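Peer 1: Model the placement of chain B on the given structure of chain A, informed by the hints.
First to last, the protein sequences are chains A and B. Per our numbering, the very first residue in the first sequence carries number 48; after that it's consecutive. Per our numbering, the very first residue in the second sequence carries number 48; after that it's consecutive.
Everything labelled a hint here was simulated from the structure, so no lab data went into it. Warning: the hint list may mix true and false statements.
Put simply, identical chains are the same to the list, so a pair is met inside one copy or across any two.
Unchecked claim - Capping the alpha-carbon separation at 30 Å, the derived lysine-lysine pairs in DSSO-like fashion look like this:
| # | residue 1 | residue 2 |
| --- | --- | --- |
| 1 | K306 | K207 |
| 2 | K502 | K428 |
| 3 | K550 | K334 |
Only a predicted model underlies this, so the values are computations on that prediction, with no experimental measurement involved.
Number of protein chains: 2
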Amino acid sequence: MPALRAAQALRPAIRSSLRVSSSSSSSFLNRSLAVRMASSKAFVQGEPDAPVLKASIPGPQSSKRIAELSEVFDTRSINMMTDYTKSVGNYIADPDGNYLLDVYAQIASIPVGYNNPALAKAASTPDMVNAIINRPALGNFPSHDWAEILKTGILKVAPKGLNNVFTAMAGSDANETAFKAAFIYRRQQERGGPDVEFTQEELDSAMNNQAPGASSLSILSFKTAFHGRLFGTLSTTRSKPIHKVDIPAFDWPQASFPKLKYPLEDHAEENAKIEQASLDEVEKLIKTWHIPPAAVIVEPIQSEGGDNHATPNFFRGLRALTRKHNVLLIVDEVQTGVGATGKFWAHDHWNLQDPPDMVTFSKKAQTAGFYYGNPELRPNKPYRQFNTWMGDPARALLFRAIIGEIERLDLVNHTARVGDYLFTKLEGLQRKYPEQFQDLRGKGQGTFIAFDNPKRDQFLAKAKEFGINIGGSGASAVRLRPMLTFQEHHVDILVDALEKIVKAL
Amino acid sequence: MPALRAAQALRPAIRSSLRVSSSSSSSFLNRSLAVRMASSKAFVQGEPDAPVLKASIPGPQSSKRIAELSEVFDTRSINMMTDYTKSVGNYIADPDGNYLLDVYAQIASIPVGYNNPALAKAASTPDMVNAIINRPALGNFPSHDWAEILKTGILKVAPKGLNNVFTAMAGSDANETAFKAAFIYRRQQERGGPDVEFTQEELDSAMNNQAPGASSLSILSFKTAFHGRLFGTLSTTRSKPIHKVDIPAFDWPQASFPKLKYPLEDHAEENAKIEQASLDEVEKLIKTWHIPPAAVIVEPIQSEGGDNHATPNFFRGLRALTRKHNVLLIVDEVQTGVGATGKFWAHDHWNLQDPPDMVTFSKKAQTAGFYYGNPELRPNKPYRQFNTWMGDPARALLFRAIIGEIERLDLVNHTARVGDYLFTKLEGLQRKYPEQFQDLRGKGQGTFIAFDNPKRDQFLAKAKEFGINIGGSGASAVRLRPMLTFQEHHVDILVDALEKIVKAL
Numbered sequence: 048m049p050a051l052r053a054a055q056a057l058r059p060a061i062r063s064s065l066r067v068s069s070s071s072s073s074s075f076l077n078r079s080l081a082v083r084m085a086s087s088k089a090f091v092q093g094e095p096d097a098p099v100l101k102a103s104i105p106g107p108q109s110s111k112r113i114a115e116l117s118e119v120f121d122t123r124s125i126n127m128m129t130d131y132t133k134s135v136g137n138y139i140a141d142p143d144g145n146y147l148l149d150v151y152a153q154i155a156s157i158p159v160g161y162n163n164p165a166l167a168k169a170a171s172t173p174d175m176v177n178a179i180i181n182r183p184a185l186g187n188f189p190s191h192d193w194a195e196i197l198k199t200g201i202l203k204v205a206p207k208g209l210n211n212v213f214t215a216m217a218g219s220d221a222n223e224t225a226f227k228a229a230f231i232y233r234r235q236q237e238r239g240g241p242d243v244e245f246t247q248e249e250l251d252s253a254m255n256n257q258a259p260g261a262s263s264l265s266i267l268s269f270k271t272a273f274h275g276r277l278f279g280t281l282s283t284t285r286s287k288p289i290h291k292v293d294i295p296a297f298d299w300p301q302a303s304f305p306k307l308k309y310p311l312e313d314h315a316e317e318n319a320k321i322e323q324a325s326l327d328e329v330e331k332l333i334k335t336w337h338i339p340p341a342a343v344i345v346e347p348i349q350s351e352g353g354d355n356h357a358t359p360n361f362f363r364g365l366r367a368l369t370r371k372h373n374v375l376l377i378v379d380e381v382q383t384g385v386g387a388t389g390k391f392w393a394h395d396h397w398n399l400q401d402p403p404d405m406v407t408f409s410k411k412a413q414t415a416g417f418y419y420g421n422p423e424l425r426p427n428k429p430y431r432q433f434n435t436w437m438g439d440p441a442r443a444l445l446f447r448a449i450i451g452e453i454e455r456l457d458l459v460n461h462t463a464r465v466g467d468y469l470f471t472k473l474e475g476l477q478r479k480y481p482e483q484f485q486d487l488r489g490k491g492q493g494t495f496i497a498f499d500n501p502k503r504d505q506f507l508a509k510a511k512e513f514g515i516n517i518g519g520s521g522a523s524a525v526r527l528r529p530m531l532t533f534q535e536h537h538v539d540i541l542v543d544a545l546e547k548i549v550k551a552l
Numbered sequence: 048m049p050a051l052r053a054a055q056a057l058r059p060a061i062r063s064s065l066r067v068s069s070s071s072s073s074s075f076l077n078r079s080l081a082v083r084m085a086s087s088k089a090f091v092q093g094e095p096d097a098p099v100l101k102a103s104i105p106g107p108q109s110s111k112r113i114a115e116l117s118e119v120f121d122t123r124s125i126n127m128m129t130d131y132t133k134s135v136g137n138y139i140a141d142p143d144g145n146y147l148l149d150v151y152a153q154i155a156s157i158p159v160g161y162n163n164p165a166l167a168k169a170a171s172t173p174d175m176v177n178a179i180i181n182r183p184a185l186g187n188f189p190s191h192d193w194a195e196i197l198k199t200g201i202l203k204v205a206p207k208g209l210n211n212v213f214t215a216m217a218g219s220d221a222n223e224t225a226f227k228a229a230f231i232y233r234r235q236q237e238r239g240g241p242d243v244e245f246t247q248e249e250l251d252s253a254m255n256n257q258a259p260g261a262s263s264l265s266i267l268s269f270k271t272a273f274h275g276r277l278f279g280t281l282s283t284t285r286s287k288p289i290h291k292v293d294i295p296a297f298d299w300p301q302a303s304f305p306k307l308k309y310p311l312e313d314h315a316e317e318n319a320k321i322e323q324a325s326l327d328e329v330e331k332l333i334k335t336w337h338i339p340p341a342a343v344i345v346e347p348i349q350s351e352g353g354d355n356h357a358t359p360n361f362f363r364g365l366r367a368l369t370r371k372h373n374v375l376l377i378v379d380e381v382q383t384g385v386g387a388t389g390k391f392w393a394h395d396h397w398n399l400q401d402p403p404d405m406v407t408f409s410k411k412a413q414t415a416g417f418y419y420g421n422p423e424l425r426p427n428k429p430y431r432q433f434n435t436w437m438g439d440p441a442r443a444l445l446f447r448a449i450i451g452e453i454e455r456l457d458l459v460n461h462t463a464r465v466g467d468y469l470f471t472k473l474e475g476l477q478r479k480y481p482e483q484f485q486d487l488r489g490k491g492q493g494t495f496i497a498f499d500n501p502k503r504d505q506f507l508a509k510a511k512e513f514g515i516n517i518g519g520s521g522a523s524a525v526r527l528r529p530m531l532t533f534q535e536h537h538v539d540i541l542v543d544a545l546e547k548i549v550k551a552l
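Chain A extracted, bound-state conformation (with noise of 0.2 Å):
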C-alpha cells in the first residue's frame, strides 16, 4: 500500500536531522527541533519527527517539473511541486526530498492526512474499483447499494434535522443546485403549491431567459464570502476582485458581514451592535431589493474572505429573520465543514433550534453536495434539478472511509483539544509579537484559526523556508488549516517555525 512505501522511503530521511535552507541562498542550517518535538505519539505512522529541507523550495526537480507542466497547463498559480506518493501524514513532500508541516491541506480539504493507511485500504477495494470503472448516472442508474452507500456514509453525518441529500461534484456547484432547489421552492410556494402547473407564458419565457419563467429572484450573501467562481456562485461570492473581475454576474444583493473587533471578551458590547447593524441591513435588503432573495447563503466562518467570524447569536438572528420573510437559510460548510472547528459542522456550534434549510459541503468531505431537511426542497417535477453525474460514488466511497477515520481517532474532539492548545500557544505569541499576530480569532473553533500580519504574504512564502506550508485568506490573514490528523507535537514545531518567520521578517 502507498502509505507503507512511502512511509518505508521516507525512513533515510527522518534520520537527518533538520535542515533549513533559503530560497535565496544555497545553504543549509542544521537545527535541532527534532529532538524538542514529537513528544506524543502520532496517529499516522512513518510521519517525520520534523520538517525535512533538502532543497530551496522550488528544487531543481520541481522546477524541471514545473518547466514541462507548463507547456500544457498554466502553472502560474502554483504553489509547490508535490509527490504524493512520498507525502505523509501532515507532511507535505516535493521532488526535491523536502518534507513540510503542511497546515494549508490542499486548500483545506485534506481530512485524516496525506496516504492514510485507512483511506489506502478503502481506496483498494472491489467497491472502489467499481465505482471508479462503472461511473453512474445516478439520477437515472443508482446502484442498488447507493442507499446504503450513502445512509452509512454522508448521511450518518447529516445536520441535525436534514436527512436529505442532493450529490454533487464540488463545492460550487453544491451552491448552485442548493441556489437552484431555493429558487424553485420559493416559486413553486409563490405559484400556489407544487400542484399548480406552469403557465405557457413561464414555459416559452423560460426558453428566452426571460421573466417570468425565467425567475427575478436572487441569492442574498454577505461582502467578503466566498461560495464559489461558477457563475451563479460567484455572483454570491464577494471576497476578491480578481475572482470577479470581466465575468458576468447577476445583479444580487450583498449585506455586510459583521466586522468583530479583538479580543472578544474586551469588545463584547460593541460587537453585539455591530452584528445586529449586519442583521438590521439583511432585513432590509430582503424587503427592499428590486430583485428579492429566495434565500440567504453564508459561512459560519468566512474562510477565503479573512477568515472573519461572528457570533452564534448573530447566525440564530439570521435564522430567525429569514424564517421570518421566508426566505431560505443556506449554510456553506465547503471549507468549515467535516470537523475542523471542534464541531463536525460548525454550524453546530450555534446551538440552533430551527436548523438551516440547506447545508452544503465539499473540500474535507472529498465529495459534495447538499443536505435538506424540507421535503418541498425536492422539486414538484422531476428532472429539473438533475444532471449526468450528480456526484461521484467513488468520491461518496472515500468519504465514508474518512468518517470512519474520524470515529475510530475521535478527531472532531481531539481537534477541539488541540485547537484549544495551539490557540493558547498562538496567544503567547501574540503577547510577545503583537503587530505580528494581529486579531487571533477561532477561539473555542478548533484548529480554524486565523491572524493578521501585516506583511502577509512575506510571512507565506518566509514559511517555507522553515519547514512549514501555510495559506492566507482575505488582504492579510494567515489561516490555518491543518488536518483532522494535527497533534500538539505538530502544534510545537508549528508554534516555534511561526516565531522564527516574524523574526526573519
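Peer 2: Below, chain B without anything else, positioned relative to chain A:
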C-alpha cells in the same frame, strides 16, 4: 477483480434462454434470440449472448431498493435500479437478475463496457489509490507526474491545433470555465492587451456585480442546444423548459440551429439554404445583440435537444463567421466526443483548416475540461481561472486507461464500421415501418444515430420488455448511444428488438 467476478456470476444466467416479461404481467415468454445472435467474438468476456429477463422492471428487489433510496434521495428520475457488480460489457444488470443490452450507457458516458478488465486493472494500481486518497488542489499543488499524466492521457487525444487543457469536474463546469476564458480574453483585447491593468472602477464595480467590471458580454448558443445546468451554462441551454423554468438566466442570444430535412441526399439544396439562414441569423445576432457575444458555443450534434445534425459545411461557415467577427468558437463535445461518431472528436468530420478556439469534453472521457491552443486564452494573471480541485487526477488516470483500450481495440474505426452496419439495418426497418423510424439520422457518424418515433416515450418504456435499455432526446427522438465496444452481433439483437417494439406499440 469485479469484472471477472461479474463474469462468473453471470454464467448461470446466460445458460438460461432469453425470457421476456411484460412489466404489466408476470408471465414469461421463451424466445430463441440467443441462438441466432453472437456471431462475432465479443470484446468483453462474460457478456450474455442476449438479454436476460427474469422479472419485470422494476422487479421486487429493485422496487425495494428504490423505496429505501427514496427516503434520502430524490428518485423520481430513476430509469432503472442497477447492479454494477453484475453489469458486464454492453449489458446493464439490475438487482432482479435482468440483463439488458445497454445502448444508453449512462447517458452516453460508459466508453468501453461495464467492468472492463483493462479499466479494472488501472483502477487497482498504486497510482490510482494514491490519486483517490491524496486529492490535490491542482492549481496550487500539482503532483510531480501531472504533466506526464496529461501528456500520456488527456492531451494525447487533444483535437488538432489545441495543445493546452484546463481540467474540470463535469461537462457543465467545463463549459463554464470555457465561457470564463472567452470573457477574460475578449475583455483583455478590448482593454488593449494582457499588460493593461484593470481600472479601479472595474475592480470596484466587479465587486458589486456591475459593469464595467462585471462584463456586459454574452455567449451565443443555438435553440434546442444543451450545454449544462449550472447558471451560466443553463443560460445557453435551450432544449427543454423543465430544465430552465424558475432559474434566473442571463439575457444571452440564441440562433436557430438548422432543421435539416431527411433523407439528406434528397434535400441537399434546401438544406444548404436552411444552414445559410442559420448562419445569417448568427451573424445578425453577433452584430446587433444588445449584449455582444464573446463566444459562440455549439454541439457537433445537438445530443439532448433531439439529435439535430448539421453538415460540415455549416460548421466551416460558423468557424469562418466567428473568426471574421473576432468571436471565439467553443465546440461542446461533451456528448459527441471520444469515438462514438466514428472519429475521436465529432468535429474531426468537418476538416477545419482553422481549429475551434476551445473544445470541451466530459462523459465518455470520465473526466472533464476544455482544450485550447491560443496561449492568450490563459488569462493575463493567475487565479482568474482557478478553483480548489480543478478536476480529479483519479479520473484523469482512468481516461488514460480508456484511451489505451480504445487504441488496443481500434475502437474508433470499429465504431465507424459498426455504425455503418447499424445504419444500413435501420434503413431496412425504416423502409418497412416508415412512420416508426422517421428522419433516420447519423449516417457516417458511427453509432451516433437517432430516429423519431410518434410514441417515443412508450417506445422507450416498451424497449425494456424486449431487453433493451435505450434513451430519448428532444421531443420525439430515440437516440442510440451504445458504447464503443458495441459490435455487429449487438446490432443484430438491437435491430431485432426494435422491430418487436414497434410491432408491440
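Peer 1: Now tell me, hint by hint, if it's right for this structure.
Peer 2: Taking the hints in turn, this is what the structure says about them:
{"no.": "1", "hint": "K306 x K207", "in the structure": "within (28 Å within a copy, 52 Å between copies)"}
{"no.": "2", "hint": "K502 x K428", "in the structure": "between (54 Å within a copy, 21 Å between copies)"}
{"no.": "3", "hint": "K550 x K334", "in the structure": "neither (51 Å within a copy, 60 Å between copies)"}
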